[in-house]
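Here the protein sequences come in this chain order: P and E.
The first sequence begins at 1 in the working numbering and counts up one residue at a time.
The second sequence begins at 1 in the working numbering and counts up one residue at a time.
For the record, the hints were derived by calculation from the structure and aren't laboratory data.
Careful, some of the hints might be misleading.
To be verified - Calculated from the model, a selection of chain P residues having no Cβ within reach of chain E, i.e. all distances over 12 Å:
| # | residue |
| --- | --- |
| 1 | Asp54 |
| 2 | Pro69 |
| 3 | Leu72 |
| 4 | Ser277 |
| 5 | Ala292 |
| 6 | Ala313 |
| 7 | Ala316 |
| 8 | Thr351 |
| 9 | Thr352 |
| 10 | Arg353 |
| 11 | Pro391 |
| 12 | Arg407 |
| 13 | Arg484 |
| 14 | Ala557 |
To be verified - Facing chain P, a subset of chain E residues (Cβ under 7 Å, in silico):
| # | residue |
| --- | --- |
| 15 | Trp50 |
| 16 | Thr51 |
| 17 | Pro53 |
| 18 | Asn58 |
| 19 | Leu128 |
| 20 | Trp135 |
| 21 | Ala137 |
| 22 | Gly143 |
| 23 | Arg203 |
| 24 | Ala235 |
Using N, Cα and C, we set each Cβ at its ideal position, and we do this for glycine too.
What follows is each chain in one-letter form.
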Amino acid sequence: VSARALLLAFALALAAAAHAQPVSVQAFADKTTVGDGETLRFTVEVSGPFRTLDRVEPPEVRNLLPVRPAPLQERHSATRGGRTIQTVTLLWDFAPEGSGSAEIGPVAVTVDGRRYTTDPVRIRVVPQRQRPTPAAGAQPDAPAGNGPDLFLRAEPDRRAAYVGQQVVVEYVLYFAAYVHPRNARLFGAWDAAGFWREDLEIPGAPTTRPVMVDGRPYEAVTIKRSAFFPTRAGDLTIDSLVVELEALQSQRAGGVYGPLFNPFASRYARRRLASPSVAVTVRPLPDGAPAAFSGAVGDYTMRVEVDRTEVAAGDAVRVSAIVRGDGNLSTIDGPPWAVSVPLETFPPEVTTRAFRTERRLRGERRFTYAVVPGRPGAHTLPGIAWAYFDPEAGAYRTLTSEPVAIRAVGPAADAEEAARATPEGLVLHAEPGRWRRVRAERPLHTRPAVWAGFALPLLALLAFAGAHLRRQRLAGTPGARSRRALARARATLASGRGDRTAALAALDRAVRDFLDERLDLPARSLPLADLPAALTARGVSEATAHGLHTLLADADAGQFAPAARVPAPSPEDVLRLLADADAEAPLPWAVPA
Amino acid sequence: MIPLALALLLLSAPPPAEAERLFALGVALAEEGDARGAAAAFEEAHRTGWTSPALALNLAALYLDAGDFGRARLHAERALRLAPRDGEAQEAARRTARAAGELPGRAPSPGGAFVAWAGRRLGAAGALALAGVLWAAALAFVGGWAVRRSARLGRAAIGVVPVAVAALALAVAVSVEEGRPRAVTLAETPLRAAPDAGAPADRMLSAGRLVVLGRQRGAWHHVRPADGPAAWADADALARLDG
């Protein structure tokens with residue numbers, strides 16, 4: 001009989017066994033003796049290649065009270081011999097009502113239309129003081145603070161690793177259902193000498209799961225997950241994690257309804273829990289690493305991206321080698337990649353993305369090289385090779401990419417440009433040039449002097465415009481007319497200097513114009529004899545009126561009777577007289593009735 | 001009178017003798033092939049509180065030769081800051097940027113590109129001077145029109161005033177851009193999402209990268225590199241250009 005025939009027969013036998021596997025229904029309690037301050041868990045497990053399971057009614061119980069109204073349910077399935085084997089587990093938690101005997105009645109289960117009935121389970125309830133104190137969560141080195149109702153465990157995914165291999169440690173809090181822990185926080189420093197540590201995130205709100213520890217029901221919740229990467233070989237230790245939280249101090253002596261009748265028996269108290277330390281045996285990496293290996297340990301893939309395959313000569317093509325996988329991405333180096341003339345490349349730019357929400361630290365690290373073709377034409381970017389150590393296989397692996405053809409277009413860079421393309425060759429200066437003080441200069445737009453420079457012309461313009469407007473507004477006022485009349489008289493008198501006849505004519509014109517403008521007196525048409533009366537009527541004193549009359553009379557005589565030889569009065573005397581008249585006549589003037 | 005005399009005395013202060021001496025020492029050491037000694041002498045010259053474009057360029061050249069791209073870029077950028085229109089400083093900044101592996105950043109918006117172009121051509125002082133001239137001309141035209149009521153002056157004012165206002169806005173934009181505090185990474189440094197050594201580092205910034213500095217929180221600076229989003233970097237890994 002050949003080996004192949006034997007194997008075939010064995011496989012057929014397995015398949016037949018699976019097909020013939022009956023449905024099993026089991027019911028059991030985690031303990032048959034229970035203290036009156038404890039709870040017990042009753043489990044019904046249905047397993048087999050069934051299709052339908054009808055609703056299972058809770059069992060009848062005596063001297064027991066259910067902790068929850070509905071059972072917890074777990075469902076698993078597996079394929080064996082081509083058939084799907086399902087396992088459904090129903091969990092009830094009960095608390096004794098009092099000492100003595102108790103019983104969990106039979107449970108009826110209907111599977112694929114067939115009814116199964118379990119045997120009843122008898123329980124003995126004893127006073128709590130007769131029960132042995134459970135071990136502290138079966139943690140041989142559990143520190144103080146942990147207790148049977150509440151303890152913290154460190155659960156590493158491995159205890160032996162290679163240098164650089166990821167070791168994930170989950171810190172799981174186990175607690176009895178009545179403890180209700182809350183407000184947990186890390187306490188004190190936490191060290192892991194010889195490891196690189198990366199904290200992982202636990203997505204979503206913390207969720208508890210029911211578990212059995214040493215036959216006792218607990219709720220378990222993962223409160224922290226961290227990835228550790230050993231940096232050296234040897235026996236290393238991850239220190240214990242200390243957590244401080246608040247937990248309900250429940251007095252169970254009164255039974256499950258104890259807190260109802262004595263609510264002050266339960267209260268929250270702060271507790272400090274410490275996980276056990278974790279010992280990890282770290283092995284060195286084996287010899288025989290390939291040239292492209294730079295220390296990465298884990299499970300990786302690599303892909304290479306080129307942003308364009310046609311480029312102007314002298315411009316850069318971006319070539320990205322993206323390493324993705326499960327390992328310490330923060331410390332891995334890029335592929336040792338080099339190009340030859342006329343291509344030129346520079347140290348890569350490195351970006352890292354870490355995915356911390358998974359059960360292990362994963363991510364990707366991107367190494368982006370700028371490659372500059374120095375002259376036009378077809379060029380080939382060599383393939384990229386990168387190696388890592390696969391700890392599961394215990395072997396080095398090398399990832400490679402295919403060469404990429406690119407084309408550079410445009411004029412060739414001249415010799416000077418080519419020389420400039422190399423990083424070396426900056427020239428040293430023998431002379432220092434103009435010295436300047438080293439100081440952090442304020443930006444120009446924050447200096448008041450700059451804005452003053454802009455504001456001054458504006459202010460000057462505004463001042464000028466204001467003055468101009470004021471001048472215009474004041475031009476028609478009596479005061480302005482007064483000043484204007486005197487100024488004009490002064491100018492007219494000045495125009496007659498030198499010649500006596502001209503001076504007298506100027507005097508006559510100046511006085512008459514002044515009287516016309518300032519006193520609104522028609523001096524040119526008014527008979528000279530009437531002038532004193534008209535002046536006094538406008539408020540001018542008689543003496544001044546007489547003086548002005550005399551002036552005009554003398555001027556007439558001097559101009560038109562040369563033989564009279566009347567001397568020309570000085571302009572100052574005339575102006576003084578006019579100023580007197582100006583001062584005496586009221587402003588605004590009004591002809592009295 | 002006394003303050004004026006003191007100010008004149010300060011303006012006519014003698015050249016920094018110690019800086020001159022150290023500069024000459026650096027040149028002599030460089031000629032002897034002692035690049036490290038030369039760099040040390042030039043750094044000491046800088047520490048006297050005096051600098052010059054030539055001093056910064058010499059430091060950039062020495063560090064570039066030594067492969068210290070962070071310090072090479074720092075001093076090349078300082079030289080460019082001292083002499084923005086100097087071709088040699090521009091070339092040094094370009095070379096050190098490439099040596100540091102800085103890739104071209106994202107293309108700026110048209111407005112940003114125009115401001116950058118004006119900054120390169122004029123600098124903040126030149127742009128402000130141009131705006132000042134246009135401003136004065138605009139005010140003169142407005143004033144002349146107000147006095148003379150001349151239609152020609154009025155048309156000129158209407159034409160020049162918007163140009164002057166635009167020039168002033170451009171000058172302010174150039175000054176703001178030029179005045180942003182900048183720094184160079186002296187060593188490879190992680191960029192973190194928060195000012196905390198435990199915060200996730202999503203990106204490594206290599207030595208010699210130019211960043212715009214934002215606010216500071218303790219030993220952390222919020223920085224914005226040319227080609228990526230802003231993040232927090234360890235202040236010890238950064239050297240300011242105006243330092």
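Consistency of the hints with the structure:
1. Asp54: holds, 50 Å
2. Pro69: holds, 43 Å
3. Leu72: About 36 Å separates Leu72/P from the closest Cβ of chain E, which puts it past 12 Å; holds.
4. Ser277: It holds; Ser277/P is separated from chain E by about 21 Å at its closest Cβ, greater than 12 Å.
5. Ala292: Its Cβ never comes within 12 Å of chain E, the nearest being 20 Å, so this holds.
6. Ala313: At about 15 Å from chain E, Ala313/P clears the 12 Å cut-off, so the statement holds.
7. Ala316: violated, 7 Å
8. Thr351: For Thr351/P, whose nearest Cβ neighbour in chain E is about 4 Å away, the distance does not exceed 12 Å, so it is violated.
9. Thr352: violated, 6 Å
10. Arg353: About 6 Å separates Arg353/P from the closest Cβ of chain E, which leaves it inside 12 Å; violated.
11. Pro391: holds, 24 Å
12. Arg407: It holds; Arg407/P is separated from chain E by about 20 Å at its closest Cβ, greater than 12 Å.
13. Arg484: holds, 20 Å
14. Ala557: holds, 47 Å
15. Trp50: holds, 5 Å
16. Thr51: For Thr51/E, the interface hint holds, since the closest Cβ of chain P sits about 5 Å away, which is under 7 Å.
17. Pro53: holds, 6 Å
18. Asn58: holds, 5 Å
19. Leu128: Holds - the Cβ of Leu128/E comes within 7 Å of chain P, reaching about 6 Å at its closest.
20. Trp135: Hint on Trp135/E: holds, closest Cβ of chain P at ~6 Å, below 7 Å.
21. Ala137: violated, 10 Å
22. Gly143: This hint holds: Gly143/E lies near chain P, its Cβ roughly 5 Å from the closest one there, short of 7 Å.
23. Arg203: holds, 4 Å
24. Ala235: With Cβ-Cβ at 16 Å, over 7 Å, it is violated.
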